[in-house]
Amino acid sequence: MSKPFLNRKIAIITTVLLILMVIFMGITSGDREQVSVVERWVGNIVTPIQRAVMTPIHAVQDRVYDIANFAQLNQQNQELQQKLIDKEQEIIQSRLSESELEELRGLQEALNYVSAEAHGEPISARIISKSNADWFNVFTINAGENHGINLDSVVLSERGLVGRIIEAGDNWARVMSISDSNSSVSFKVLRDANVEGIVQGSATEELEGYLFDPRMEIQKGDQLVTSGQGIFPEGILIGEVTEIGKSREQLLDAVTVQPAVDFQKINRVLILGLEDMN
Amino acid sequence: MNRIIILGILTINIILQTTILNITTINGTTLNTSLMLIIAISVYMKPRESLLYALYTGLLLDTVTGVFIGLNTFIFLLIAYGISIIQEEMVKESYLTPILLGIASILIYNFFSLFFVYLLGYTVRLAHYFSLNTFIEIGYNSVFMLLIYTLFGKFYNRRIKEVKY
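Each protein sequence line maps, in turn, to chains E and F.
This note's numbering numbers the first residue of the first sequence as 1 and each following residue consecutively.
This note's numbering numbers the first residue of the second sequence as 279 and each following residue consecutively.
Okay, chain F solo, but in the shape it has when bound (with noise of 0.2 Å):
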């Protein structure tokens, strides 16, 4: 498949995330569209290219957003790598795969992010991220999460056979 056009979805995608996606919050939660588009390449493509992605996509979201460089990257690093250990035990067509997924990456995502935004000496509440929130923040991102898998999915299989014929 094409990497420009993949590195061009990601781009378009950060951009969209962090300006239009940003007034569609839900209780103060909002979609990470980077983190789905992660989670879908790794899922479909092979390994390395998903670490390629992974390390653009999140390099250029800490740039972007961040407060320091690196949290991103090396969460969307992980993802990418841990999906592509279990890459060939996994139904691609199932509904449950995209939904299990995000749960999973959203659990790990604020994991991590708690975990070195704490090591840095910021200031964490830990009360907050065992609140509501969390909940709407996976119920939220899981609903995105099966469109954004099922679009890719549709999108890397008509590139796939694109190039067969």
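Chain E extracted, bound-state conformation (with noise of 0.2 Å):
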């Protein structure tokens, strides 16, 4: 075959993917309610073997973390203590209005009225994978359907909020965390609930936002928690208030959040599994 005509063909071949890969790109964005199957099957045979190569990774990082954190455990032995009698003295206060409560719940049942922020019991996983793209901040978990995940399951750690479900296999599910660009979660300040707002990923760590109401004060230091508008249930750590400013229209008060979770250091996750509603 001569040269021009190879080299031609190879141009035209070339041509037709690479316009077959924006249409692919335009079917798959988007909020999809289910992976395709060939996204389903390469997930179950890669989630297994990126699991096996995490494992003895996430057994190093355990004990580094041990090791590392040991000088520590003293001292913050002795501030759970303190903790601990201070939460005792709490209780006691709260049995008191612990028994309104469960009239209240009595009464729930029989109305028979279902929460909307009932959720199962929260499935623990590990993350196996991350994308390594700058602008999406999404990564791979190894716990999918076959443990209870849906799309929109709420995930969580230990510190706060992290994120939620964006597609989910047998075996695997994907997490878009909230420092994502494209994620976004209404706050109430925990400091005082009636001022409200919302906060976006952005491309930094840090998350930026504005309150709803402008009249409304917010503090540097303040703790920011879920407000249970949209899909993530009220009262979760978001993170704290870092700086306060004016956003770019001037008319609104714009806020920078740090994460309470460390997006670069997570590596188990706890997921809220939606509850069948029927």
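There could be a bad hint or two in this list.
Taking lysine-lysine and the DSBU-like style, the derived pairs with C-alpha atoms no more than 35 Å apart in a straight line are [to be verified]:
1) E:Lys9 <-> E:Lys83
2) E:Lys9 <-> E:Lys265
3) F:Lys432 <-> E:Lys9
4) E:Lys9 <-> F:Lys370
5) F:Lys439 <-> E:Lys9
It is worth saying that the hints were derived from the structure and are not from the lab.
Hints are included, so try docking the two chains, each in its own frame, into the full complex.
Below, the structure is given as structure tokens:
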């Protein structure tokens, strides 16, 4: 075959493939209810291999972390003992209102009312791979639909809110973290629940957002929790306000938030599976 | 050269890139070893072979890590084709070749990624991509590009000799 003809053939094949890829991107972008058969199949093969690769790495990481933090453990132990004493006092106080809560639960049962925030047993999972693209903060965990995980299941760590499930296979699922540019979470301030707003992921580790009502006051160091609007249940710690300023439009109070979760170091997560409402 | 060996190398590379190599980040930037392998393959091998490996690597990487399918494949195909056009004019043994190709490929990769991410309606913060991180990414990847390119060159030349004799 002559070289110019071969070159033209390769150019045509490349152009066709490039056009096909653009079409693929269009089809597979956006929120999908289910992953395709091929993605599920590839995920089911690749995920166990990734898990096998990461198991010794996680074991080493855990050991190194334990050794590195040994010096702090004694101090933490004393602090926790003090906290325990304080909590015991709080328990005594809260028992007084417990009987009131029991009455309300009885009423809920009598009226056959199902809470919108009802969730099943939390599922523990390990992160086995991360997307290396800067523009998405997405990672894969070693639990999927077989463990009760569905699209939009809420993902937490021991420190706070991590994100939500965007794709679920049989034994794997993909999580979009709240620090992803395409994630947004409505919040309220822990100090004053009337102060509400919304935070979004940014290209950096920090979250950016604004208050719904500019007349409300927010302070540096305020802790933000989920407000319960949208898919995230109420009261999960999001992070701490590190900066307050005006948004680009100079109308709303803009806030910069340091997430409670360190997304670079996170290895283990908890997933709240949505309970069957029927 | 045995296609199965190269497909095996590319598959193992994707497993490592999405697991172990993700731990070794510098200021949040990671190594794109798949891109480096595609560059090395495109320099040394025939255009048709390069496109085949670019297609395989891109689709596998998109399926394993991507939020949508086609982005990595598009860029890998484009880079493989681009290198195959200038392949014969290149000084393959020069240390500058992988470094320059690496820098150009990362810039092309970031440009098309941003373009498609924006086009598909995802949020893009341009300021971040003109920050220090881009330079860190280029420097970090260039060092490994040189290593992978040299290793692949040696591997390829040895296989060629084995086939001849």
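>> Next pair to validate is Lys432 (chain F) with Lys9 (chain E); report whether the Cα-Cα distance is within 35 Å.
In response: holds (30 Å)
>> Holds or violated: Lys9 (chain E) and Lys83 (chain E), Cα atoms, limit 35 Å.
In response: Violated. Lys9 (chain E) to Lys83 (chain E) sits at ~73 Å, over the 35 Å cutoff.
>> Tell me if the straight-line CA distance from Lys439 (chain F) to Lys9 (chain E) falls inside 35 Å.
In response: holds (30 Å)
>> Please verify whether Lys9 (chain E) and Lys265 (chain E) have alpha carbons no more than 35 Å apart.
In response: violated (48 Å)
> Under the criterion that the straight-line Cα-Cα distance not exceed 35 Å, is the pair Lys9 (chain E), Lys370 (chain F) satisfied?
Replying inline: Holds. Lys9 (chain E) to Lys370 (chain F) sits at ~25 Å (cutoff 35 Å).
In terms of the numbered hints stated before, the structure departs from hints 1 and 2, listed from lowest to highest.
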